[in-house]
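*Asks:* Use the sequences and the hints to build the structure in full.
Just so you know, the protein sequences line up as chains A and C, in that order. Residues 0 to 289 in numbering that gives the first Met the number 0 are what the first sequence spells out, letter by letter. Residues 0 to 289 in numbering that gives the first Met the number 0 are what the second sequence spells out, letter by letter.
Since the hints were derived computationally from the structure, they do not count as laboratory data. By construction, the Cβ of each residue, glycine as well, lies at the ideal position given by its N, Cα and C atoms. Take every hint as true, because none was put in to throw you off.
Pairwise CB distance ranges, derived in the manner of DEER restraints:
no., chain 1, residue 1, chain 2, residue 2, range
1, C, LYS268, A, GLY40, 55 to 63 Å
2, A, ASN39, C, ALA44, 53 to 61 Å
3, C, VAL73, A, ALA195, 34 to 42 Å
4, A, LYS241, C, HIS172, 26 to 34 Å
5, A, ARG89, C, LYS268, 55 to 63 Å
6, A, VAL111, C, VAL73, 47 to 55 Å
7, C, LEU35, A, ARG98, 53 to 61 Å
8, C, GLY243, A, ALA256, 39 to 47 Å
9, C, GLY40, A, GLU108, 54 to 62 Å
10, A, ALA195, C, HIS172, 25 to 33 Å
11, C, ARG177, A, LYS241, 30 to 38 Å
12, A, VAL111, C, ARG177, 16 to 24 Å
13, A, GLU199, C, HIS172, 26 to 34 Å
Incomplete in silico selection of chain A near chain C, CB under 10 Å:
no., residue
14, SER68
15, TYR77
16, HIS143
17, ARG158
18, PHE208
19, GLY209
Below, a sample of chain C positions facing chain A; criterion: calculated Cβ distance under 8 Å:
no., residue
20, LEU169
21, ARG196
22, GLY201
2 protein chains.
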Amino acid sequence: MPGLVAVDWGTSSLRGARLDEAGRVLEEKSAPLGILSVPNGDFAAVFAAQFSDWMTKGALCLISGMAGSRQGWVEAPYVSCPAGLGELVRHLKWIEPGRIAIVPGMSAEQGVVPDVMRGEEVQIFGAMRLAGLSDGLFVLPGTHSKWTTVRGRRIEGFRTYMTGEFYGVLSQHSILGRTLEADAPLDEAAFLRGLARSGEGGSLLHNAFGVRALALFDRLGPAQSASYLSGLLIGEELAREKPGRDVILIGAPSLTARYALALARTGAKVRTFGAEATWAGLKALQGEMT
Amino acid sequence: MPGLVAVDWGTSSLRGARLDEAGRVLEEKSAPLGILSVPNGDFAAVFAAQFSDWMTKGALCLISGMAGSRQGWVEAPYVSCPAGLGELVRHLKWIEPGRIAIVPGMSAEQGVVPDVMRGEEVQIFGAMRLAGLSDGLFVLPGTHSKWTTVRGRRIEGFRTYMTGEFYGVLSQHSILGRTLEADAPLDEAAFLRGLARSGEGGSLLHNAFGVRALALFDRLGPAQSASYLSGLLIGEELAREKPGRDVILIGAPSLTARYALALARTGAKVRTFGAEATWAGLKALQGEMT
Numbered sequence: 000m001p002g003l004v005a006v007d008w009g010t011s012s013l014r015g016a017r018l019d020e021a022g023r024v025l026e027e028k029s030a031p032l033g034i035l036s037v038p039n040g041d042f043a044a045v046f047a048a049q050f051s052d053w054m055t056k057g058a059l060c061l062i063s064g065m066a067g068s069r070q071g072w073v074e075a076p077y078v079s080c081p082a083g084l085g086e087l088v089r090h091l092k093w094i095e096p097g098r099i100a101i102v103p104g105m106s107a108e109q110g111v112v113p114d115v116m117r118g119e120e121v122q123i124f125g126a127m128r129l130a131g132l133s134d135g136l137f138v139l140p141g142t143h144s145k146w147t148t149v150r151g152r153r154i155e156g157f158r159t160y161m162t163g164e165f166y167g168v169l170s171q172h173s174i175l176g177r178t179l180e181a182d183a184p185l186d187e188a189a190f191l192r193g194l195a196r197s198g199e200g201g202s203l204l205h206n207a208f209g210v211r212a213l214a215l216f217d218r219l220g221p222a223q224s225a226s227y228l229s230g231l232l233i234g235e236e237l238a239r240e241k242p243g244r245d246v247i248l249i250g251a252p253s254l255t256a257r258y259a260l261a262l263a264r265t266g267a268k269v270r271t272f273g274a275e276a277t278w279a280g281l282k283a284l285q286g287e288m289t
Numbered sequence: 000m001p002g003l004v005a006v007d008w009g010t011s012s013l014r015g016a017r018l019d020e021a022g023r024v025l026e027e028k029s030a031p032l033g034i035l036s037v038p039n040g041d042f043a044a045v046f047a048a049q050f051s052d053w054m055t056k057g058a059l060c061l062i063s064g065m066a067g068s069r070q071g072w073v074e075a076p077y078v079s080c081p082a083g084l085g086e087l088v089r090h091l092k093w094i095e096p097g098r099i100a101i102v103p104g105m106s107a108e109q110g111v112v113p114d115v116m117r118g119e120e121v122q123i124f125g126a127m128r129l130a131g132l133s134d135g136l137f138v139l140p141g142t143h144s145k146w147t148t149v150r151g152r153r154i155e156g157f158r159t160y161m162t163g164e165f166y167g168v169l170s171q172h173s174i175l176g177r178t179l180e181a182d183a184p185l186d187e188a189a190f191l192r193g194l195a196r197s198g199e200g201g202s203l204l205h206n207a208f209g210v211r212a213l214a215l216f217d218r219l220g221p222a223q224s225a226s227y228l229s230g231l232l233i234g235e236e237l238a239r240e241k242p243g244r245d246v247i248l249i250g251a252p253s254l255t256a257r258y259a260l261a262l263a264r265t266g267a268k269v270r271t272f273g274a275e276a277t278w279a280g281l282k283a284l285q286g287e288m289t
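*Replies:* This is how it looks when you write it as structure tokens:
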């Protein structure tokens, strides 16, 4: 199997890695050229400027993430769950046939409401490969956290939680911001208090106001308020998903550490993967193509 | 009983009414001089400029709302629930003894987390007076909605929901804003769909992402998305409060209409009051003083 140029083109950043035949990373690069920052929408020019030196004769490039969205390079329609690597390969959107392709995202139906992801599906297939697993619960914390069920190497379904985005808008734009230091380091005790509060079953709309009220009565300081709110939000996910078994966490260490702390309280056993999951997933896709 | 100068001094506006002995409104005025817009924090000057012509010899002025907060004219500490008019009168914060007083807000404990209100308690006592009720469930929709239980003319307890504020920050500052027309008139069908969705027990963090996903699949237009989100948020309150009896709604008609529509689905009987509840509440307080 030849090498691979693996690219993760997201909303705010563009990252790439050159992988050898075995999937080892030879070189990595990244730029603040997310799909919303591409000059004149000229994706081909940005791609060439970043990766033409890697795209030697016979090279293959697979691109995951928002590059396949309606605002991206070329729209790659969502593949419906349940689906495995085979479905993703069959629905690759080729920019240059045999040379550059965009990986489609995946969609799921939750009752009458759809759900979507772009890029996370590749990380999940990568984590499967790295962990040597074909079944399990895969959790990807972030702006839009994903809780994903995998069975027989296929993604059965998933649910998105706007956890990171709620944290951002509430701490920056709501009344909670007045008494909250959004970037404070984690206060573990306050985080666990927030987590426990969400577990009591009250609405987030009510629990969030508690951050304000606790601050008014000097029972939470600004740094504690941030951790308490984070605990409330992550606790909201845990209260609904009730993970009672092994969990694979995929994401940035600053986030997965909080989830690991929260999941430890539920008795779940956690394994964690980072950015390497994306490269492993794109390599697994390449393997599926041959 | 003499007449009363009744003042509602909130975060963003200052409203006043001159009431006769029987509580009838003789004159009203309002100005965009909420407590955050008082020049140099000189509350006395703003008060004099607005109301000195009403403050004739022997006149009494009672002020409710955020004027009694830490950022207001003089802090009037919260009175703990359960409490009635008597407790509010005993804890009036006098600016000029016998002449101008600030009505304290109320606090409640929900487990280990406190809750607070300022101004709504006066509206509730006013609505009790107008409705001739001494017991019931009083709901005040708004930026911070209040669900309040009254028994024997005393406020037993309440819970705050950040419904209006969440609607604002999500529609203005989150990804939902991209496909949502925040000021669109109510689309009743979409509102009821959102309401039903919240009733299914999923987390708001997940249901909110559904607004985005439905828009991506062209199953919700921008005006519908706004009503759907409004239904999700109000549905979140109803799902937790489960009102199964008579409800008194107090607030602006544009908001109470939505709650009335939602509450009708639960079989609750609704009576609605508007701004007059504030004046009636301050008049009731005056009556309690004699």
